[in-house]
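Sequence lines, in order, name chains A and B.
Residue numbering for the first sequence follows our numbering, beginning at 1132 and increasing consecutively.
Residue numbering for the second sequence follows our numbering, beginning at 181 and increasing consecutively.
Source of the hints: derived by calculation from the structure; they are not laboratory data.
Yeah, the Cβ is synthetic: ideal placement off N, Cα and C, and Gly gets one too.
A couple of the hints might just be wrong.
[Stated by the list, open to error] Residues from chain B that face chain A, not an exhaustive set, calculated with beta carbons under 8 Å:
| no. | residue |
| --- | --- |
| 1 | A188 |
| 2 | P221 |
| 3 | W223 |
[As the list claims (entries may be wrong)] Just a few of them, taken from the derived set where beta-carbon distance is under 7 Å, the chain B residues facing chain A:
| no. | residue |
| --- | --- |
| 4 | S189 |
| 5 | A204 |
| 6 | C208 |
| 7 | A235 |
| 8 | Q238 |
| 9 | V259 |
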Amino acid sequence: MMSCTVVVSEADFDPAALLSQLHEASPSVGAVASFTGVVRGDVTGTLQSLHIEHYPGMTEAEIERIARQAAERWPIEAVQVYHRVGRLALGERIVWVAVSAAHRGASFAACEFVMDYLKTRATFWKKECFMDTERWVEQRQCDLDKADAWRS
Amino acid sequence: MIKVCFFASLRETLDTSSVSLSAAGLSCVADIVAHLVAEHPSWHDALSQPNLLVAVNQVHASPNQSVNDGDEVAIFPPVTGG
């Protein structure tokens, strides 16, 4: 039975503590793969911060649906997703996805799968805040292509 | 009643985060959009964007999904988390 933890919060998270929870959870865990997303500066150097909005309730439910899909494809023990909302400065952590499994192949694949589906299905929206203007981020075709590639 | 929620750029353009509608005469999500445009002609362009997504009761849905009294419908632009 896969366990799934989803947190959406304005607060930062502690990757070391989250990793410990995963590999201490069960003696059958032999591999933990994780991904951390960070607010990246833009090439012009004028981006000040991101503002992330979400759909409370649906966001958490959709991420759990994605995690359950991953568990149907790979033998995984647990999925953790932590996603921040509100205002985030450059360099701050935005998102954490970690997957534990008996072996590395399942944890690597499921971690990437959850992240790819999160990007295209979880109800978050990013706004880029510059010195004198703001702009909603557009969805990128390459993100849609990455999620679609898991169908084949 | 049916609650209709808007998010992100759509919420800003419409200048409202949600509206409540009587379910009478509304059988699917597309009916709700048509009703909103009829009630608020200035919302036509924003609600006609071809890339808008919809959810019914917090699950992704298509515009032809049926709706019932008490449902929560959401309309929003493509998601950009992660």
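Violations among the numbered hints, reported as their numbers in ascending order: 2, 3, 5 and 6
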